[in-house]
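Student: Residues per chain are reported as follows:
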Amino acid sequence: MAEYETVIGLETHIQLNTLTKIFCACKADSWEDLPNSNICPVCTGLPGVLPVFNAEVAEKAVLLAEAMRAQVQPVSFFDRKNYFYPDLPKGYQISQFDQPLAVGGYLNVPVPAAADPQGKGYIRHVRIHKLHIEEDAGKTKNAGSRRMVDFNRCGVPLVEMVTEPDLRTADEAAQYLIRLRQLLRWIGISEADMEKGNLRCDGNVSIRPVGSNDLYTKTEIKNVNSIDSLREAIRKEIDRQIRTVEGGGRVEAWTLEWDEDAGVLRKMRSKETEADYRYFREPDLLPLEISSDWKQQILADFPERPLDRRQRFMDEYGLPEYDADILTQERGLSDYFEGAVKAYGGDPKRVSNWLMNDVLRMINEQNLTPVEMKLTPVYLAELIQLVDAGTINLTTGKALLQQVQDSGKKPAQLVEEQGLAQVSDQEAIRVVCQKVIDANPAEVEAYRSGKETLMGWFVGQVMRETKGKADAKTAGSILKELL
Amino acid sequence: MQLCDLSAVKLSRMLRAGEVSALEITESCLNRIGAVDGIPGRLDYVESEQDNTRVHAFITVTPDSAREQAREIDRKLAAGEDAGPLAGIPFSVKDVFCVENTPSTAASRILANFSSPYTAAPVQRMLDAGAVMVGKVNLDEFTFGSSNESSAFQPSPRNPWNTERVPGGSSGGSAASVAAGEALLSLGTDTAGSIRQPAAFCGVVGMKPTYGRVSRYGLIAFGSSLDCPGPVARSAADAALMMSTIAGEDSKDATTARVPVPDYSQSLDRDLRGMRIGLSPAFLQITYPDPDSGDYSQQPVPEEMQRAVMEAAAIYRALGAEIIEDVPMPNTKYGIPAYFVISRVEAASNLHRFDGVKYGYRTKNPVRDLKELYQRSRGDGFGLQPKLRILMGMYVSAAQYSEQYYQRALRVRTLIRRDYEEAFDPNGKFRLDALLTPTTPTTAFPVKDVFGDSVMMQYADQLTVTANHAGTPGISFPFGFDQAGLPIGVQLLGPDFSEDILLQLTHAYEQATVDAEWRKRRPALLEEV
Numbered sequence: 001m002a003e004y005e006t007v008i009g010l011e012t013h014i015q016l017n018t019l020t021k022i023f024c025a026c027k028a029d030s031w032e033d034l035p036n037s038n039i040c041p042v043c044t045g046l047p048g049v050l051p052v053f054n055a056e057v058a059e060k061a062v063l064l065a066e067a068m069r070a071q072v073q074p075v076s077f078f079d080r081k082n083y084f085y086p087d088l089p090k091g092y093q094i095s096q097f098d099q100p101l102a103v104g105g106y107l108n109v110p111v112p113a114a115a116d117p118q119g120k121g122y123i124r125h126v127r128i129h130k131l132h133i134e135e136d137a138g139k140t141k142n143a144g145s146r147r148m149v150d151f152n153r154c155g156v157p158l159v160e161m162v163t164e165p166d167l168r169t170a171d172e173a174a175q176y177l178i179r180l181r182q183l184l185r186w187i188g189i190s191e192a193d194m195e196k197g198n199l200r201c202d203g204n205v206s207i208r209p210v211g212s213n214d215l216y217t218k219t220e221i222k223n224v225n226s227i228d229s230l231r232e233a234i235r236k237e238i239d240r241q242i243r244t245v246e247g248g249g250r251v252e253a254w255t256l257e258w259d260e261d262a263g264v265l266r267k268m269r270s271k272e273t274e275a276d277y278r279y280f281r282e283p284d285l286l287p288l289e290i291s292s293d294w295k296q297q298i299l300a301d302f303p304e305r306p307l308d309r310r311q312r313f314m315d316e317y318g319l320p321e322y323d324a325d326i327l328t329q330e331r332g333l334s335d336y337f338e339g340a341v342k343a344y345g346g347d348p349k350r351v352s353n354w355l356m357n358d359v360l361r362m363i364n365e366q367n368l369t370p371v372e373m374k375l376t377p378v379y380l381a382e383l384i385q386l387v388d389a390g391t392i393n394l395t396t397g398k399a400l401l402q403q404v405q406d407s408g409k410k411p412a413q414l415v416e417e418q419g420l421a422q423v424s425d426q427e428a429i430r431v432v433c434q435k436v437i438d439a440n441p442a443e444v445e446a447y448r449s450g451k452e453t454l455m456g457w458f459v460g461q462v463m464r465e466t467k468g469k470a471d472a473k474t475a476g477s478i479l480k481e482l483l
Numbered sequence: 001m002q003l004c005d006l007s008a009v010k011l012s013r014m015l016r017a018g019e020v021s022a023l024e025i026t027e028s029c030l031n032r033i034g035a036v037d038g039i040p041g042r043l044d045y046v047e048s049e050q051d052n053t054r055v056h057a058f059i060t061v062t063p064d065s066a067r068e069q070a071r072e073i074d075r076k077l078a079a080g081e082d083a084g085p086l087a088g089i090p091f092s093v094k095d096v097f098c099v100e101n102t103p104s105t106a107a108s109r110i111l112a113n114f115s116s117p118y119t120a121a122p123v124q125r126m127l128d129a130g131a132v133m134v135g136k137v138n139l140d141e142f143t144f145g146s147s148n149e150s151s152a153f154q155p156s157p158r159n160p161w162n163t164e165r166v167p168g169g170s171s172g173g174s175a176a177s178v179a180a181g182e183a184l185l186s187l188g189t190d191t192a193g194s195i196r197q198p199a200a201f202c203g204v205v206g207m208k209p210t211y212g213r214v215s216r217y218g219l220i221a222f223g224s225s226l227d228c229p230g231p232v233a234r235s236a237a238d239a240a241l242m243m244s245t246i247a248g249e250d251s252k253d254a255t256t257a258r259v260p261v262p263d264y265s266q267s268l269d270r271d272l273r274g275m276r277i278g279l280s281p282a283f284l285q286i287t288y289p290d291p292d293s294g295d296y297s298q299q300p301v302p303e304e305m306q307r308a309v310m311e312a313a314a315i316y317r318a319l320g321a322e323i324i325e326d327v328p329m330p331n332t333k334y335g336i337p338a339y340f341v342i343s344r345v346e347a348a349s350n351l352h353r354f355d356g357v358k359y360g361y362r363t364k365n366p367v368r369d370l371k372e373l374y375q376r377s378r379g380d381g382f383g384l385q386p387k388l389r390i391l392m393g394m395y396v397s398a399a400q401y402s403e404q405y406y407q408r409a410l411r412v413r414t415l416i417r418r419d420y421e422e423a424f425d426p427n428g429k430f431r432l433d434a435l436l437t438p439t440t441p442t443t444a445f446p447v448k449d450v451f452g453d454s455v456m457m458q459y460a461d462q463l464t465v466t467a468n469h470a471g472t473p474g475i476s477f478p479f480g481f482d483q484a485g486l487p488i489g490v491q492l493l494g495p496d497f498s499e500d501i502l503l504q505l506t507h508a509y510e511q512a513t514v515d516a517e518w519r520k521r522r523p524a525l526l527e528e529v
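Those sequence lines, one after another, are chains W and Z.
When we follow this note's numbering, the leftmost residue of the first sequence carries the number 1, and every step to the right adds one.
When we follow this note's numbering, the leftmost residue of the second sequence carries the number 1, and every step to the right adds one.
With the rest of the complex left out, here is chain W (with noise of 0.2 Å):
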């Protein structure tokens, strides 16, 4: 049996989150409106009708272009892509052809050691072909013997983005799309939700026997609709092709449909021959003009991209990989560990230790963004300085992260207001062990005799007699040398 290398790329529809649809003023979101709610004669397709482009779809655009490492064109233009179809009302989809607003870029994708057959885990360099804008088409469903049509999504702003053939397993193209996705919110750009449909993937697949170069034919796999089922649907498609190949059969040109309920691609169309689209330039708008300066405007607060912070975060801080992904998974949770770190001073680690075993868990568990919380990064810090110098103990540490939450307070008000800072006072701890052996002499004896390991027990009756603010160190020590 002969080996054989995967060739995947990647075609993905991302919705802008503008305010208002590409090419008139109706609202752009849509998500549990009525159908046919937010419609106008210009998204609707009516007879007289022309567009007028939303400025803020070549910012969002751009703003992607960017993050892609992708070259912006300081002009592109629009044309028509003509063909019928009930939820495309005008007959012809406003799209970017051979002049699209960006092309080139790339990203590095992470692909982990669990996806990894050497189980070391690597960089996959994918490269982008082009990205360009165009507006979404509406949706139909059947109704019993009846057609409808929605055409509340007719006119919201689509970026449509195509990679190069450059991944390699279902496991990179799915790393890809985690990847874009987190790129995709920290941005802000798209709500990058594939169930809601504003990420839409459709992966083209094909392969050819381990060494060669060549591209074999290929098939076009649409309608999954999470990165699980491109996993899958992938895994299943590359399983199809090497039975097809094996069984002395060829791989034809398909267009294949994932059918999400039962798990299986279900064959749309023979592609043989490709649709004439007959593009030409749309003439009822301009040219779009990037200027350098609109450029530089629109990239004036252009963040660090996440996976250069995740880096930065693992080379600056000393990070180990694991702290630095999850810490850079959501911009806000990466500001705030960075806010937290420079206000904190010391290691690093020591606050990501604090964030991913408890901050993160209240984050989860009580449904909060990071710049909403009341704990603050400053307050955070002074908390974890708080135990650090002793002042309380890490028991009361933690227990004072959801009080700050509650509270809002400085933490030091918190534990000045309830007295909890940790009794450091050797006299007054003596007093304590002192009282602990006189109330327990049969225990004081069992000691004497050589029972060490009750030790722990005197800290611990110790502990509660001062409520926990002792600290145990010292508590211990002075026990030794009473006993």
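Worth flagging that the hints you see were computed from the coordinates, not collected in a lab.
Some clues are possibly wrong.
[Said to hold, decoys possible] Below, computed lysine to any residue pairings styled on SDA-like, alpha-carbon distance capped at 25 Å: (1) Lys139(W) x Leu373(Z); (2) Lys358(Z) x Thr140(W); (3) Lys141(W) x Lys358(Z); (4) Lys358(Z) x Gln93(W); (5) Lys371(Z) x Asn142(W).
[Said to hold, decoys possible] Distance windows between CB atoms, simulated: (6) Lys222(W) x Asn113(Z): 36 to 44 Å; (7) Asp425(Z) x Gln297(W): 30 to 38 Å; (8) Pro35(W) x Gln375(Z): 25 to 33 Å; (9) Asn113(Z) x Asp87(W): 21 to 29 Å; (10) Tyr85(W) x Asn365(Z): 17 to 25 Å.
[Stated by the list, open to error] Facing chain W, from chain Z, some residues (calculated, C-beta under 7 Å): (11) Tyr118; (12) Gly218; (13) Val345; (14) Lys358; (15) Tyr374; (16) Ala398; (17) Ala399.
Don't be surprised by glycine CBs; every beta carbon is placed ideally from N, CA and C.
We have chain W; now place chain Z onto it with these hints.
Tutor: Below, chain Z without anything else, positioned relative to chain W:
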């Protein structure tokens, strides 16, 4: 002479002086429509002999809303409120513009039942300026023609000067309604000459503005990169009044120009001395390819039309303008072939939306599937011209032919634009203010004469179409009459945004010939009323 036979400028003055009411002016037009228009255009109509004696400019007359508007103008004037620069002036609208709550048919069966929920931008500007809409006038189906005969709404409009002749097209209803006094002004569209040619045939003034000067929002598109809404009027002064109202940037049309709009009425009386008016041999002949060999042949435009241009030039010379002869304009002969390709690619795409799904005609026959719904609805709904244009547009934009036809036509268009730039370059060899040409190679032809021969009909547009390619303005105005008593139009072409100059030159010609014998003529049809 009735109120509706006066000029818009004069009626405006009388209205403001309280000598006449807006309602009286509107009634005058409605009476005229009743007297001369005959049966309005309708679907599946079989013509009778009698239809040849009427104008048939209208598809829809809107007397009720017109009277209501006129009364509102009278109320405003009585109350001393600002009633707008076009207060009380009746106008007609080519039925290719959407107007809220009126049928907007584009003269096609496929839109016969379409009532628009919104009003086109230039129509809205007219209404906002106080003009009174008396109705919507006929045209070639989707503006595809030069005679109005291709309308799905029959009887098609006739030429008021001779009702056995066509009014021209595609703004034939516009020109006929203005010439017959059914409206003072009309809003038309010009994609290859569709305002200027019918204006010439009907003896009225018609202007194709600079592309982007007047908003296309609400105009049911033919060739989106060529279409220009513009005025049809009986004089330069009336056209100027209308241009000042409809021109200007529109936030709903991204292709409108951010260029200030002058008051076109203010510049009409400027001095002509020192102006440079060009004549070009390319516009005194029609060049056309032999359909079999592909070789180009040339035919001079008739003597009568050439003489009109020369006489008009002589008048301009007498007024102090300089006449520059032999301006080459070498790419004029490619205007029609390039137009054939570009306009049809855009038209085919623009017609995609008429699919029987959302609005307009849907086949009554049972269909097996979606594809058959499209096929039958479009098959029944479109007339011959849309079908021909869809076929050709689809062919020349197909991936394997696009380079050979469409891309090449776009390059030709650039060359045509260059001809204009050279002629009007203020530092160039010719430094023209305007180019003077015949509007059409012939005067109005008889009904059914060339209809159906779409190639011949298209080549008749050779003198007007290049301005659409170049995006530059042009105006046709009445020169006089031919031997058969039909109006002859001459055309002035200018550089971008030179509408003021074209109107000024037209006005100067009108003033210079104000006492000419031919100006006293009226269409015979109007003598009855």
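Student: Failing hints, ascending?
Tutor: none
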